[in-house]
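Protein sequence lines, in the order shown, are assigned to chains S and R.
Just so we're aligned: 107 in the working numbering is position 97 of the first sequence, and the numbers increase by one with no gaps anywhere.
Just so we're aligned: 102 in the working numbering is position 100 of the second sequence, and the numbers increase by one with no gaps anywhere.
It cannot be assumed that every hint is accurate.
[Said to hold, decoys possible] Pairs of lysine-lysine, DSS-like flavour, derived with a Cα cap of 25 Å: (1) S:Lys167 - R:Lys196; (2) R:Lys151 - R:Lys175; (3) R:Lys124 - S:Lys240; (4) S:Lys261 - R:Lys224; (5) R:Lys280 - S:Lys263; (6) R:Lys262 - R:Lys323; (7) R:Lys321 - S:Lys263; (8) S:Lys257 - R:Lys292; (9) S:Lys117 - S:Lys212; (10) S:Lys62 - S:Lys165; (11) R:Lys292 - S:Lys240; (12) R:Lys193 - S:Lys167; (13) R:Lys196 - R:Lys14; (14) S:Lys261 - R:Lys290; (15) S:Lys234 - R:Lys292; (16) R:Lys292 - R:Lys215; (17) S:Lys163 - S:Lys117; (18) R:Lys292 - S:Lys242; (19) R:Lys82 - R:Lys151; (20) S:Lys261 - R:Lys321; (21) R:Lys262 - S:Lys242; (22) R:Lys262 - R:Lys225; (23) R:Lys70 - R:Lys14; (24) S:Lys165 - R:Lys196; (25) S:Lys261 - R:Lys323; (26) S:Lys263 - R:Lys323; (27) S:Lys12 - S:Lys117; (28) S:Lys117 - S:Lys213; (29) S:Lys240 - R:Lys262; (30) R:Lys280 - R:Lys224; (31) S:Lys167 - R:Lys70; (32) R:Lys225 - S:Lys261; (33) R:Lys215 - R:Lys290.
[Unchecked claim] Stretches of chain S that chain R covers, calculated by requiring three or more beta carbons in the stretch to come under 8 Å of a beta carbon on chain R: (34) 139-145; (35) 149-160; (36) 164-172; (37) 175-185; (38) 230-242.
Hints listed in this document are in silico derivations from the structure and should not be mistaken for laboratory results.
For every residue, glycine included, the Cβ atom is placed at its ideal position computed from N, Cα and C.
Chain residues, written in single-letter form:
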Amino acid sequence: MKIIVCLKQVPKNDSILRINEQGNWIQDRDLTYEINESDQYGLEAALQLKEKHGGEVIALSLGPARAQSVIKEALARGADRGLHIEDAAFDSLDAFGAASVIAAAAKAEGFDLLLTGLQSDDHGYAQTGVIAAELLGTPHATIVMDVQSEDGKLKVKRELESGYFQWVSFPAPAVLTIQSGINTLRYATLKGIMAAKKKEIKKLDAAAIGLSADELAPKTQIRKIYVPQKSKQTQFIEGSASEIAAKLMDKLKNEARVF
Amino acid sequence: MILVFIEHVDGKVNKASYEAVRAAQLISGATGQAISAVIFGSGVGAAAGEIAAKKLGAVYTVENDALKSYTADGYSAAFKQVIEQLQPELVLMTHTYEVRDFAPKLAASLRRALVGDCIAHKVEGGELVLTRQVFQGKMAADVVPVGDKPHFVSFQIGSFRGDECEAGQAEVKALTVNLAGIRQQPEERFKEAKAAVDLTAAPLIVSVGRGIKEQKNIEIVKKLADAMGAELSASRPICDNEWLPMDRQIGSSGQTVAPKMYLAVGISGAIQHLVGMKGARTIVAINKDKEAPIFEIADYGIVGDLFEIVPALTAEAEKLKQ
Ligand SMILES: Cc1cc2nc3c(=O)[nH]c(=O)nc-3n(C[C@H](O)[C@H](O)[C@H](O)COP(=O)(O)OP(=O)(O)OC[C@H]3O[C@@H](n4cnc5c(N)ncnc54)[C@H](O)[C@@H]3O)c2cc1C
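With these hints in hand, go ahead and build the complete structure from the sequences.
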């Protein structure tokens, strides 16, 4: 089974975010980054499928130079080789643009399974994998919690709302968007880190991807970003830990009357 | 025209779809656009009738055996044909799991914009501007769809009051579509084994999130829960890591609770968590990040290190018990 897994580099979950000068995104100076959470579960799903069925896991990241570290991390965890798509022309793609670039790279590479996380922790579009499937002409399933494969047929468990699940079958090649918690993540071992140094990371630029500016024209545009307004009056309780504890318990008892 | 997508399971309308109807009514109030709704399936007459009792121009039913169960291929192919027939300018949906599954495919097949998971809107000079959360609610973004219409927009569940839809009497009309080559074969929906703990009845809940850092630290929060006589629950990452069992998870893919008090410890307040607990009467949040979205809905907030605050609270709760 040939599996391409898409890994997006996002600011670390507890980053302090500062808005950029144009006011339409954050400043990317001084940030530390990590692999988008659900993408990590996609990588683990890919590695487990390879262990079961054989084949190859290719870690793909679309992003600036720093995104290489995401691919290196995936190689250290067990992916076989990397694809790094990097070009200034791809710096501010929307979901459709990113999906178009990923689909073009995946098509050239060929695959049985293309995996993405179910959404990114920064933009949170929840669209990229599904759009890529449409552009590639393959079936897809979203919010996947289990993947089984037999004779070119896939059977996946989709998470639905209110605690429901559903098994859905379709032929490969296909695109799946993976939900966090589908498996238990592994971490890179020292041996894995050493082995990763010998693994290939292929670079693809805009010329290699071969899409026209027209095909990448944004379909959505961010006007501005800002810190959300609060809808509730929060009473902030201050002091030393023991003062806070005493004040809060008093308020819960005598003001909110919860005990 | 604004076209609203109505979701259902076996002919039972998903209540969240009324929120999209309400959004359409509000947008129409500013733009003067007509509103229609569309429902896909097999045997959806009664559901269409229910929707037709709202103030809408028309409700279109699209009946086809191939639409009996939801599939991404079936719904996007059928919806595409409906759009070709009706030529809407705007398609509104609620951002449910089903919409997440097919809407990006549908919009992409038409090469049109989809602005997904929006929480608010405004109409400025005739232009629809949407607000959506980025960075898991830490920031908000104002976004516009660009390019040819129709534009597709989905709203996060809870962004509009479905129960505030204006009543009316819409005409129900049938549309036909041709479907072939649906690749997904869905099985019956099912629930995993019943939850061993029912948190919905608990009057007091103390809930732990990823701020706890390590499995062994869960004990610190459990002690507080015990001292307060509260049930212990968690955010999804805690259950994903198997630090606590799945049936203690609160949120859109866990339990929905409305206790007298919900105390969130080291939980950032992502929307998927908030939908499971925002009905609590009193919400307390302990978080080291004063910008954490959980404070947007907290009655009492403590900005600080949970490893200092929680033991102090436990001691205080124990004093109170005596
Ligand atoms: C389709 C879908 C369904 C989902 N369903 C659910 C669901 O049902 N339930 C759910 O919870 N999530 C769900 N999620 C995940 C959700 O989006 C968030 O990722 C998750 O809720 C985050 O959990 P958290 O707040 O514990 O972790 P984080 O977001 O990592 O937050 C940790 C918080 O701890 C704080 N912190 C860290 N250290 C300390 C310290 N020493 N003292 C005090 N505070 C500290 C940080 O400031 C931060 O705010 C779902 C997501 C998707 C896409």
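Verification of the supplied hints:
no.	hint	result
1	S:Lys167 - R:Lys196	holds, 18 Å
2	R:Lys151 - R:Lys175	holds, 23 Å
3	R:Lys124 - S:Lys240	holds, 18 Å
4	S:Lys261 - R:Lys224	holds, 22 Å
5	R:Lys280 - S:Lys263	holds, 20 Å
6	R:Lys262 - R:Lys323	holds, 18 Å
7	R:Lys321 - S:Lys263	holds, 13 Å
8	S:Lys257 - R:Lys292	holds, 19 Å
9	S:Lys117 - S:Lys212	holds, 15 Å
10	S:Lys62 - S:Lys165	holds, 15 Å
11	R:Lys292 - S:Lys240	holds, 12 Å
12	R:Lys193 - S:Lys167	holds, 12 Å
13	R:Lys196 - R:Lys14	holds, 23 Å
14	S:Lys261 - R:Lys290	holds, 21 Å
15	S:Lys234 - R:Lys292	holds, 22 Å
16	R:Lys292 - R:Lys215	holds, 18 Å
17	S:Lys163 - S:Lys117	holds, 20 Å
18	R:Lys292 - S:Lys242	holds, 14 Å
19	R:Lys82 - R:Lys151	holds, 13 Å
20	S:Lys261 - R:Lys321	holds, 15 Å
21	R:Lys262 - S:Lys242	holds, 17 Å
22	R:Lys262 - R:Lys225	holds, 19 Å
23	R:Lys70 - R:Lys14	holds, 13 Å
24	S:Lys165 - R:Lys196	holds, 24 Å
25	S:Lys261 - R:Lys323	holds, 15 Å
26	S:Lys263 - R:Lys323	holds, 12 Å
27	S:Lys12 - S:Lys117	holds, 12 Å
28	S:Lys117 - S:Lys213	holds, 16 Å
29	S:Lys240 - R:Lys262	holds, 22 Å
30	R:Lys280 - R:Lys224	holds, 22 Å
31	S:Lys167 - R:Lys70	holds, 19 Å
32	R:Lys225 - S:Lys261	holds, 20 Å
33	R:Lys215 - R:Lys290	holds, 13 Å
34	139-145	holds (count 5)
35	149-160	holds (count 5)
36	164-172	holds (count 4)
37	175-185	holds (count 7)
38	230-242	holds (count 12)
Violated hints: none; the structure is consistent with every hint.
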